[in-house]
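Chemist: Residue numbers (the working numbering), protein chains in the order written: chain A, 75 to 380; chain B, 6 to 284.
Any given hint could be a false lead.
[As the list claims (entries may be wrong)] Just so you have them, the derived chain A footprint on chain B, three or more residues with Cβ under 8 Å:
hint : segment
1    : 12-19
2    : 30-38
3    : 105-115
Please keep in mind that the hints were generated in silico from the structure rather than gathered at the bench. Since we're looking at a predicted model, the values are computed, not measured. Cβ atoms here follow ideal geometry from the backbone N, Cα and C, with glycine treated the same way.
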Amino acid sequence: MNPVVSLDRVSVSYGRHHALRDVTTEFPAGAVGLLGPNGAGKSTLIKILLGLLPPAAGRVRVLDQDVAQAPLAVRARVGYMPENESHIPGMNAVTFVAYCAELAGLPRASAMQRAHEVLFYVGLGEARYRNVETYSTGMKQRIKLAQALVHDPDLLLLDEPTNGMDPGGRDEMLTLVRDIVARRGIAVIVSSHLLPDVESTCGHVVVLDRGAVVAQGPIAALKGKSGRVFELRVKGDEHRFAEVLRERGIECHGDEDEVMRVFVPGDHGSQLLFQLAAQHGMQVRHLRPSTPTLEDVFARAVGEDV
Amino acid sequence: MPIHDRGYRRYAGSRVPGSLAWWVIARAGIVERLRDRRFLALLLFAWLPFLVRGVQIYIASSFPQASFLALDERTFRAFIDQQRPFVFFATIYAGAGLIANDRQANALQLYFSKPITRAQYVCGKLLILVVFLAAVTWLPAVSLLFLQTLLSGSLDFFSSHLFLLPAITIGSALEIGVAAVTMLALSSLSRSSRFVAILYAGITLFAAAFGRAVGAATGIRGWTWLSPQDTLTVVIDATFGVPTTASGTSVAAALLVVALLVGASIVVLARQVRAVEVV
Chain A
75 MNPVVSLDRV SVSYGRHHAL RDVTTEFPAG AVGLLGPNGA GKSTLIKILL GLLPPAAGRV
135 RVLDQDVAQA PLAVRARVGY MPENESHIPG MNAVTFVAYC AELAGLPRAS AMQRAHEVLF
195 YVGLGEARYR NVETYSTGMK QRIKLAQALV HDPDLLLLDE PTNGMDPGGR DEMLTLVRDI
255 VARRGIAVIV SSHLLPDVES TCGHVVVLDR GAVVAQGPIA ALKGKSGRVF ELRVKGDEHR
315 FAEVLRERGI ECHGDEDEVM RVFVPGDHGS QLLFQLAAQH GMQVRHLRPS TPTLEDVFAR
375 AVGEDV
Chain B
6 MPIHDRGYRR YAGSRVPGSL AWWVIARAGI VERLRDRRFL ALLLFAWLPF LVRGVQIYIA
66 SSFPQASFLA LDERTFRAFI DQQRPFVFFA TIYAGAGLIA NDRQANALQL YFSKPITRAQ
126 YVCGKLLILV VFLAAVTWLP AVSLLFLQTL LSGSLDFFSS HLFLLPAITI GSALEIGVAA
186 VTMLALSSLS RSSRFVAILY AGITLFAAAF GRAVGAATGI RGWTWLSPQD TLTVVIDATF
246 GVPTTASGTS VAAALLVVAL LVGASIVVLA RQVRAVEVV
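Okay, chain A solo, but in the shape it has when bound (with noise of 0.2 Å):
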């Protein structure tokens, strides 16, 4: 199948500032998830993808077209759903989605319909006569989903779709976004900060760092084996013995409560962390297998340490 998204040596840079730097990547149909630190270059990347930054150089392709030459063909089929909080002034729920629908190319009619229905699914049915400037955080994230879904996009961006919601609306939001590619076929791009976010919805990440990227490919595949994962607790310095394990080929990543996760190569397990903590007089404390999470992935990724 066709990646929906491919991109060959993109590059792209604000005055001296590099945002891209030669990425070439694919996104597959389904839902994949664009992780990164601030300033990794996600909504650079987004904004790539929608023709409304030209990338310095490289090539861009968004369901089988060039963007650079179809940037107006690309948006006809994608939705976007921006990571701010943004409307258009003046206009009741209804009427926005509605004239969202008629600037995607919808006719009137069938755009007023539409926007009913979209705003039926997002679960803002019984507000949608409100003006948007009246909802709450949680609502506008709704909204904002409302208008990139109403012209029946083939591709969804969604930027930080969760940003600012409460802990129900988040389920629900993730729940919908989960429906919208199982049930209704539509691939979805989610770009967040937040993993467990990411890992729920999305079976495929890409990660990107200081505009480059470090990690791609199926979630299962980057997390590894499980049982080679340990949460490792050992009185001392534990700095110094993150040291020894690393000149080992041991990653270890930092955890709260002096934590550490520790990813041991091949099948030594934790015979091996014993052995190399008595060598170097430190007591292991707290020693238990861990199933690998998409944090281990990020934490590796982008070089996070103890």
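Please build the complex by placing chain B on the supplied structure of chain A, with the hints as guidance.
Modeler: Using the frame of chain A, we list chain B on its own:
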């Protein structure tokens, strides 16, 4: 759709060409503004001079002893001038927030995530202002010409003043075009419509006062070009073929100033109207 099914459905209907997006923007803007009763009152108030002139036409055509009230090209020219305050207020009322409010609500990224171009967005916004300004200049002036022809009972006035319709159209277009493009450019510069309104009023009033003050201080009337309104007066007077009331600047120079003003406004719009703000 069954009433119980409120799930998401794919859309299988038709789509209209994206090139009509400017009309969608303009229509929405016009409808929204027409819901504002204060603005409607302003539009109605702007037709008062038309009523007065209408009565003048009626008296002049009905009573021979009042023939001194008969209309000529100077009357129509004066009428365009009389409408200028309404153009000023309508421009501020309907135009200040056109782009500023969108910037305030971060709406530009929503617009440009749809299949529309920046030119279509600007044209749509411009059309909103053009429609309302035409409703207070061109439409009453042309209606006045029609009324004159109707009440005179013959086509004599119309045929002897064939240049009036194009002169009204060109004069109104200049008045409307300069006001609309300038206001739209100013509106793109800020996130506050109030600030834009003050800026426009300041530029319009201050530039005129400054031009006249410098002219009076130096004794040279060539400073008229500093005032967009006086510059427009020179061009529109020439269009109607009447002696100008804002002498001091040649028609060619005035046209150049108008072109520069419009050009500068377009440059501002091209720089400011973007989905992505690079700081």
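Chemist: Give a verdict on every hint.
Modeler: Going through the hints against the structure:
{"no.": "1", "hint": "12-19", "in the structure": "holds (count 7)"}
{"no.": "2", "hint": "30-38", "in the structure": "holds (count 3)"}
{"no.": "3", "hint": "105-115", "in the structure": "holds (count 8)"}
When held up to the earlier numbered hints, the structure conflicts with none and fits them all.
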